[in-house]
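Q: Given chain A, put chain B in place with the hints provided.
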Amino acid sequence: MHTTHVRRRRRRGVTYIEVMVAALILAVSLCAMASMWYFSFNMSGNTDSKGVAYAIGRHALEEVKENGFRYAAEGTTTLYYDNSGGGESTTQQNSSFYQVTVVVTSDKLSTSDSGASVPADDALRSVVVTVTLLQAQGSMPTGTVVYTTGTYLARSGV
Amino acid sequence: MLRHSYLGKHRGSVLTSTLIFVVITSLILAGIGTYTISHLSRASAESDYSAAMNLAEAGINYELRNVSENILDTTRPDQLHPGAGQNGPYTGSISGVSGSFTVSVTNDPDNGKAWFAPGNMLVTATGTTNGVTRTVRCRGSRRSIFDNYSFYGIDSTTINGSLVADGSFGTNSPITLDGTSAEVYGPVVFNGTSGSFNAGEATGGVWYQPDKISWPTVSKLADIVASQKSGSTVPSGTGLSWLRTHNDNGQIMMFNETAPNQDSTLTDPTKHYWVSAGFSKQSGDWIISDSGSNKNFSGITTDTNPMDSKGATTQRYDQSAVTYTFTNPSKTVSQGEQYIGGAQVYILPGSPTSTPYNYYFDELNLKGNGTGCAILIDNASGPVNIWLGPSSDYGTSTDFLNGVIFFTAPGDSTKFRLYDGKSATLDIAGNSVFPGGIYAYNGSGVGSIYLHGNPVIDGSIIADSMNTNGTPFINYPTNMQASNDFSLWYGFLNQWNEVSGM
Numbered sequence: 001m002h003t004t005h006v007r008r009r010r011r012r013g014v015t016y017i018e019v020m021v022a023a024l025i026l027a028v029s030l031c032a033m034a035s036m037w038y039f040s041f042n043m044s045g046n047t048d049s050k051g052v053a054y055a056i057g058r059h060a061l062e063e064v065k066e067n068g069f070r071y072a073a074e075g076t077t078t079l080y081y082d083n084s085g086g087g088e089s090t091t092q093q094n095s096s097f098y099q100v101t102v103v104v105t106s107d108k109l110s111t112s113d114s115g116a117s118v119p120a121d122d123a124l125r126s127v128v129v130t131v132t133l134l135q136a137q138g139s140m141p142t143g144t145v146v147y148t149t150g151t152y153l154a155r156s157g158v
Numbered sequence: 001m002l003r004h005s006y007l008g009k010h011r012g013s014v015l016t017s018t019l020i021f022v023v024i025t026s027l028i029l030a031g032i033g034t035y036t037i038s039h040l041s042r043a044s045a046e047s048d049y050s051a052a053m054n055l056a057e058a059g060i061n062y063e064l065r066n067v068s069e070n071i072l073d074t075t076r077p078d079q080l081h082p083g084a085g086q087n088g089p090y091t092g093s094i095s096g097v098s099g100s101f102t103v104s105v106t107n108d109p110d111n112g113k114a115w116f117a118p119g120n121m122l123v124t125a126t127g128t129t130n131g132v133t134r135t136v137r138c139r140g141s142r143r144s145i146f147d148n149y150s151f152y153g154i155d156s157t158t159i160n161g162s163l164v165a166d167g168s169f170g171t172n173s174p175i176t177l178d179g180t181s182a183e184v185y186g187p188v189v190f191n192g193t194s195g196s197f198n199a200g201e202a203t204g205g206v207w208y209q210p211d212k213i214s215w216p217t218v219s220k221l222a223d224i225v226a227s228q229k230s231g232s233t234v235p236s237g238t239g240l241s242w243l244r245t246h247n248d249n250g251q252i253m254m255f256n257e258t259a260p261n262q263d264s265t266l267t268d269p270t271k272h273y274w275v276s277a278g279f280s281k282q283s284g285d286w287i288i289s290d291s292g293s294n295k296n297f298s299g300i301t302t303d304t305n306p307m308d309s310k311g312a313t314t315q316r317y318d319q320s321a322v323t324y325t326f327t328n329p330s331k332t333v334s335q336g337e338q339y340i341g342g343a344q345v346y347i348l349p350g351s352p353t354s355t356p357y358n359y360y361f362d363e364l365n366l367k368g369n370g371t372g373c374a375i376l377i378d379n380a381s382g383p384v385n386i387w388l389g390p391s392s393d394y395g396t397s398t399d400f401l402n403g404v405i406f407f408t409a410p411g412d413s414t415k416f417r418l419y420d421g422k423s424a425t426l427d428i429a430g431n432s433v434f435p436g437g438i439y440a441y442n443g444s445g446v447g448s449i450y451l452h453g454n455p456v457i458d459g460s461i462i463a464d465s466m467n468t469n470g471t472p473f474i475n476y477p478t479n480m481q482a483s484n485d486f487s488l489w490y491g492f493l494n495q496w497n498e499v500s501g502m
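Just so you know, the protein sequences line up as chains A and B, in that order. Here the first sequence is numbered in the working numbering, starting from 1 and rising by one per residue. Here the second sequence is numbered in the working numbering, starting from 1 and rising by one per residue.
The shape of chain A in the complex, shown without the other chains (with noise of 0.2 angstroms):
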């Protein structure tokens, strides 16, 4: 009678092992979780990143075509925006997240009489803005390069 009642007393109820067992699960379930959760985390930040660069960056692209093969400044020009894309100034600021590079170079350059360098009329233009992070986002460090596109510009072309 004794035996059996310790037998069963035994069986029944959690046990040590149990609760080790369902804490070990957990933990490791924990730092997977955390370990996604961090992962998801930066992977809006990425995103989050890369859609504000690609819209800085087409914008900027744009007002260079905007300008025109004529007008658009040969040379490089800087712009600094803050982390919701706005902000745009031409100077680094503390609140400044983004920094967009318009490089335009003409393969044939004239000058004005005044001096101004301009492109020739037969040149052919190229137009390459980058966009970098000034401050980490996400998983990508500072001076990450988030978004480049670029083209040609060619009198009276498209």
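Keep in mind the hints are simulated off the structure, nothing from the lab. Where is the CB? At the ideal position from N, CA and C, for every residue including glycine. Check the hints yourself; a few may be wrong.
DMTMM-like mimics (lysine to aspartate or glutamate), calculated; alpha carbons at most 20 angstroms apart, straight line [stated by the list, open to error]:
| hint | chain 1 | residue 1 | chain 2 | residue 2 |
| --- | --- | --- | --- | --- |
| 1 | A | K108 | B | E69 |
| 2 | A | K65 | B | E498 |
| 3 | B | K212 | A | D107 |
| 4 | B | K212 | A | E18 |
| 5 | A | K108 | A | D122 |
Using C-beta positions, here's what the derived DEER-type ranges look like [stated by the list, open to error]:
| hint | chain 1 | residue 1 | chain 2 | residue 2 | range |
| --- | --- | --- | --- | --- | --- |
| 6 | A | H59 | B | T16 | 17 to 23 angstroms |
| 7 | A | Q93 | B | N497 | 37 to 43 angstroms |
| 8 | A | Y71 | B | S236 | 26 to 32 angstroms |
A: Quick look at chain B alone, frame taken from chain A:
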């Protein structure tokens, strides 16, 4: 006992609860992870689609520049249907930008054959980056040799007197300014040369381009026309000779002073041609009533000071719409005759189609009222090309256009073109108004124009050597471009559209 009973009923519940919690939480996190990844993919795809489009447009601009660099070089265009010795589609990229583009040209519409200038063309370009491909197509057309400049001296420009040019003024060489009142209502452009315009006035400023403009020779232009008209490519440099014997001179009507029905009151209703200006006959010569430098032609009244009218749209003349009728030409000029001059009135009809009549002469000898020679160019009926070519008899003799020249559509600058391929000087003077383009360049040192007196060019005048005196007025109109003009470079015309992709 109670505790044992409770635990006994819930044995394994901790493990089960943990597993359920882990599974549910994992599913939620997996969903969030999938969402964030797909969101990132979408952001990347959007940027790639945009970048691919930019690359495709880069390809189009690349090709327009490539074709424009030398439109007479048939091997330069990157053809979708290349002929022997021609380039095929071109694949390129932009330094610093990932991806590439492929571009090619075809006829417009695409007929499966290689494209040649000066026809319109279709440019198709495909941009590719990170596996995303987008293709765009646009129509391209040429900018003609008369599209940019009102006045251009290629190898030599000397300005005396009081030239007035309303439009761009260009040169491949320094300008000699002996006069002090040259006025340019537009930019002065030095292409591939230094120089100054200090003695003149240029409202559009003075500009310096690094390269000389490479102008086609009249000989090459004649090759194009001869090839089009003959249906096969003529040997290089033989176009002018071909035009000398294959022209439209047979369309010309000539009236001389002994012919019937030629007096100052030509009222025969059986008219052949009419002009809204006054031909009259004095001392046996056909002349225009001219009271001097004020251009008071019969049938035309001038405004108070036409040379003050510097706007391109300013109307300088008030025509009284007097109609004169010419009947019974004394003869027609045959295709084999290449001379205009003497005491005659010549009428050069315009082509009834969009293809110009090509009149060819060895010599133009229109020396003003004293000789009694006058030319009526019926550009109202259609386009007219006049070619001046070298010959053994008249190759170096000066050509004169300083008499009486009338146009039936004086306000239309698109239907008269004169191409001078002689090494002689073309002397343009008098008081006539030329609505159209005059081009005299057949290689370095060949093609000279002397512009003096009071002529008005309502169009563009280009020559290897330009000399001016007197008070010529060059007025570049807004409607200069003609479909048959020869090309200088190519540009976007219209109809940008995406062909495939997305």
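Q: Are there hints from earlier that the structure breaks, and if so, what are their numbers?
A: 4, 6 and 8
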